[in-house]
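Residue numbers (numbering that gives the first Met the number 0), protein chains in the order written: chain A, 0 to 202; chain B, 0 to 346.
No lab work stands behind these hints, which were simulated from the structure alone.
Note that the Cβ used here is the ideal one computed from N, Cα and C, for glycine as well.
Any given hint could be a false lead.
Chain A side only, calculated, beta carbon under 7 Å to chain B, not exhaustive [claimed, not checked]:
hint, residue
1, 26
2, 44
3, 82
4, 93
5, 136
6, 140
7, 141
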Amino acid sequence: MIKRIPKLFYYFIFILSFLFGDTGGGKLSLILIGNVGSFSPVVNNFTTIYGNSNYNLRGGLGLGWNKSFFLIKYNQFNAEGESIVKSIDLTGSATWNQEFISLGFRYYPEKNYYSEVGIILGKVKETITTSVPILTDLNTDFSTNQNQGGYFLYGFNFPFILGIVINGEIEYDLIYLKPYKNNRNDNLNLGGPMINVGASIVF
Amino acid sequence: MLEQVLFFKLRFILICLSISIFTQMCNEKPESKITTTLLKLNIFSEMDTILLGEGKIINLSAEGIYSQKDKITISNNGVLSYTEYVEINIDTIVQSLNNKDITWISADQFVAQVSNGTILGISKGETNITGKIDSLLSNSIVVRVASGEPLLSINPPIFEVLFQSEGTISGWVVGGELDLTINDNIVNVSENGQFEEIVSLEAGVNDFIVIAKNIDELGLSVSKTKQILYLFFDDIVGNWEGETLTRPFSFNIYKLGDEYLIAGTMTIDLTFFGGEYIVENIAVLGLINSDGTIDAELSLSTSDFSVTGSLEGSFSNEGTAGGSFTLSVGMFGVSIAHSEQWTAVKQ
């Protein structure tokens, strides 16, 4: 079931474009987006190791017709923390690098708020070491590409100046770790709740 | 209006999907695993040989010698990354055992029976008690059960030379109600049959007769004797003449301050590479210890050979002494060992 979720999002977008895509001769628009978000992946031990104060940076653009937009966004999420070392008195360190691209469909039922759904493709790398680097048995990393998932967000617009709009968004990401044969991390969700603030401009 | 309803439904579905993700569980691994293997089983009591009266009981104790393997998994955990290595420590430990965990065996059930480590004397005789866990057998303990006259044992040595005015007589006695005397003086016996008495010594040979006698109509008794020779150090000062196995041996004992020195010479016969050799004038030099034992060094160095070694001994009775010596003789770059006994009489 879980492995089929990314495909479901493809179907969602496809269906939504038929349901809500305004192709009735409306205005063609270009939107540029930039925001920063507080991101807390729900995967086990993430907040224990990396804490809660981690931020996701995002930039993107989209094309739309009246109330509907297709968007492509690039997300970068980095975090540093302390890995959990057991049975020996050492301090561990951990770094987390996650990049993903989201393709989404945004719809504005009304001018001041919008909803968005989409799919996510991305990669993640985690490196752990200890305070005694010579203990190489305790140093390792894990990385994987082609992690897939989807997202949903609900946003608000606050008009600013010169056509710039301030955005506030509440988002939830589902990003499934690419399954690895015999790997204990199969099917972990690297996504989670995100609160974004940023700006966009529509041409 | 329809659009809003559809969006709320879509949002509901996505929220439900996300909730299912929170059920991910983390597999905790054990950090340390200790395994112990019983290598040896020891049973013991306060006595090497247990003396027991009919109907009397005595408890044994047991301990196990274990090999303990401590397997420690040292790990470093990230969210996705995990690495570990295993450290294994092997140690030997001794642990007391519960007597109920042991299968107790008496070689002769008609002499003594044993249950949960408690031995019950049945009838006169001797038997062995052994413990067993799985297929691992313990050491054996000898049990002697008394009937009729008491069983009496005097701790060795039965003959002793002392250079002090007090000695100790100790041992074990077992039986029914009994009196224990040393030279007609009543001696206290502990609940487990042990006794120890300090006795005054007079110069020369002291005989001590230990008698254990039942307090009943028959009054059966058993007696043992211990001799203690009380010597003064000044008694041993002077010239001593004696012999080794093949040659004469003489020495003198001197008093030098608070020390008593032994000094003399020794001659030995050696067979070396098929030839007969006589090694003369080996120096003997040492001290008389505070307990009266002799502790001396042997040495000789010539152009042909060298001799090193040690001599020990004690004063066995009034005016006599004996012991042994060990030599290492080096000749032509080759070393051979030589040991002999010696005796001497004060002149």
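Evaluation of the provided hints:
1. Nearest Cβ of chain B to the Cβ of residue 26/A: about 19 Å, over the 7 Å cut. The hint is violated.
2. Nearest Cβ of chain B to the Cβ of residue 44/A: about 5 Å, under the 7 Å cut. The hint holds.
3. Restraint check, residue 82/A versus chain B: the minimum CB separation of about 5 Å is within 7 Å; hint holds.
4. The interface hint given for residue 93/A holds, since its Cβ lies 5 Å from the closest Cβ of chain B, which is under the 7 Å cut-off.
5. Below 7 Å, beta-carbon pairs count as interface contacts, and residue 136/A has one with chain B at about 4 Å; its hint therefore holds.
6. Hint on residue 140/A holds. Least Cβ distance to chain B is approximately 6 Å, under the 7 Å limit.
7. At its closest, the beta carbon of residue 141/A sits 4 Å from a beta carbon of chain B; the interface hint therefore holds under the 7 Å criterion.
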